[in-house]
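Chemist: Quick note: the sequence shown uses the UniProt record's numbering, first residue 1, plus one each step.
Since the hints were derived computationally from the structure, they do not count as laboratory data. Incorrect hints may have been included.
[Unchecked claim] EDC-like cross-link-like pairs, simulated, lysine to aspartate or glutamate; straight-line CA separation at most 20 Å:
id, residue 1, residue 2
1, Lys85, Glu145
2, Lys146, Glu84
3, Lys164, Glu194
4, Lys2, Glu84
5, Lys172, Glu145
6, Lys158, Asp191
7, Lys133, Glu171
8, Lys164, Glu143
9, Lys119, Asp33
10, Lys85, Asp28
11, Lys201, Asp28
12, Lys160, Glu171
13, Lys85, Glu36
14, Lys164, Glu187
15, Lys2, Glu171
16, Lys160, Glu84
17, Lys85, Glu30
18, Lys172, Glu143
19, Lys126, Asp33
20, Lys172, Glu198
21, Lys163, Glu187
22, Lys201, Glu36
23, Lys85, Glu60
24, Lys146, Glu53
25, Lys100, Asp139
26, Lys85, Glu143
27, Lys158, Glu194
28, Lys85, Glu53
29, Lys163, Asp191
30, Lys25, Glu205
31, Lys104, Asp139
32, Lys160, Glu205
33, Lys163, Glu145
34, Lys125, Glu36
35, Lys201, Asp191
36, Lys158, Glu205
37, Lys146, Glu187
38, Lys119, Glu36
39, Lys163, Glu205
40, Lys2, Glu145
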Amino acid sequence: MKYIFLHGLGQGYQMWNPVLSYLGKNYDVESLDLYEWFSGKQISWLGLYSSFEAYCNNVEGPIVLCGLSLGGMLALQYTLHHPEKVVSLVLIGVQVTMPKLLLKIQNIIFSCMPNSAFKSLGVSKKQIITLTKSMMNLDFCDELEKIRCRTLAIVGTKDKANKKAFLCIREKIQNCAGCIIPVAGHEVNRDSPEVLAETLKMFFES
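Build out the structure end to end from the sequences listed, making use of the hints.
Modeler: Below, the structure written as structure tokens:
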């Protein structure tokens, strides 16, 4: 069984390295670089999701998806479309209804940042802004009850923007556990990698 880890917007796949180090070698893990699917294509949520969907469909056997923010939304949509493929789902700091005002403010901040701030990710500022604009109307709220696989929702204590969505996920997904990581903000994999790894171990092995 393959365990697929998906980073957030503004992160790189390397952000999972400390978590995976604490997690150990008992799992067949793949940490995907979502920006690789930006190359040579018109950037959009649909394009990104289609590339991710094709990747997952080509993995032999069942999969476990663990995603933060953007990565969690990809994992959520794939689970809704392919419930037979996903054994377990971990959603960290994930929105279920896109906060349009927050996205607009985020894009204003992005537009003021230098292009060099995005180079280390292998992606351009324009691509990031184009992607977030294409996500404005995403809304999974009414579909959450369709998810039947084992699910773990996680949020950091300081991640106020995603607390409401965390509670919505807990309430609407039938087989869903929840965990609030102390001290951590939105990027739980960066702020508390060891605690997150232990939380994931308990969930994977329960």
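Chemist: Please go over all the hints and tell whether each is borne out by the structure.
Modeler: Against the structure, the hints:
no.: 1; hint: Lys85 - Glu145; result: holds (17 Å)
no.: 2; hint: Lys146 - Glu84; result: holds (12 Å)
no.: 3; hint: Lys164 - Glu194; result: violated (25 Å)
no.: 4; hint: Lys2 - Glu84; result: holds (14 Å)
no.: 5; hint: Lys172 - Glu145; result: holds (5 Å)
no.: 6; hint: Lys158 - Asp191; result: holds (11 Å)
no.: 7; hint: Lys133 - Glu171; result: violated (28 Å)
no.: 8; hint: Lys164 - Glu143; result: holds (16 Å)
no.: 9; hint: Lys119 - Asp33; result: holds (14 Å)
no.: 10; hint: Lys85 - Asp28; result: holds (16 Å)
no.: 11; hint: Lys201 - Asp28; result: holds (13 Å)
no.: 12; hint: Lys160 - Glu171; result: holds (18 Å)
no.: 13; hint: Lys85 - Glu36; result: violated (23 Å)
no.: 14; hint: Lys164 - Glu187; result: holds (17 Å)
no.: 15; hint: Lys2 - Glu171; result: violated (27 Å)
no.: 16; hint: Lys160 - Glu84; result: violated (33 Å)
no.: 17; hint: Lys85 - Glu30; result: holds (16 Å)
no.: 18; hint: Lys172 - Glu143; result: holds (9 Å)
no.: 19; hint: Lys126 - Asp33; result: holds (18 Å)
no.: 20; hint: Lys172 - Glu198; result: violated (25 Å)
no.: 21; hint: Lys163 - Glu187; result: holds (13 Å)
no.: 22; hint: Lys201 - Glu36; result: violated (28 Å)
no.: 23; hint: Lys85 - Glu60; result: holds (10 Å)
no.: 24; hint: Lys146 - Glu53; result: holds (18 Å)
no.: 25; hint: Lys100 - Asp139; result: holds (11 Å)
no.: 26; hint: Lys85 - Glu143; result: holds (17 Å)
no.: 27; hint: Lys158 - Glu194; result: holds (17 Å)
no.: 28; hint: Lys85 - Glu53; result: holds (11 Å)
no.: 29; hint: Lys163 - Asp191; result: holds (17 Å)
no.: 30; hint: Lys25 - Glu205; result: holds (14 Å)
no.: 31; hint: Lys104 - Asp139; result: holds (16 Å)
no.: 32; hint: Lys160 - Glu205; result: violated (29 Å)
no.: 33; hint: Lys163 - Glu145; result: holds (19 Å)
no.: 34; hint: Lys125 - Glu36; result: holds (15 Å)
no.: 35; hint: Lys201 - Asp191; result: holds (18 Å)
no.: 36; hint: Lys158 - Glu205; result: violated (27 Å)
no.: 37; hint: Lys146 - Glu187; result: violated (27 Å)
no.: 38; hint: Lys119 - Glu36; result: holds (13 Å)
no.: 39; hint: Lys163 - Glu205; result: violated (26 Å)
no.: 40; hint: Lys2 - Glu145; result: violated (25 Å)
Hints 3, 7, 13, 15, 16, 20, 22, 32, 36, 37, 39 and 40, counting from the list given before, are not met by this structure.
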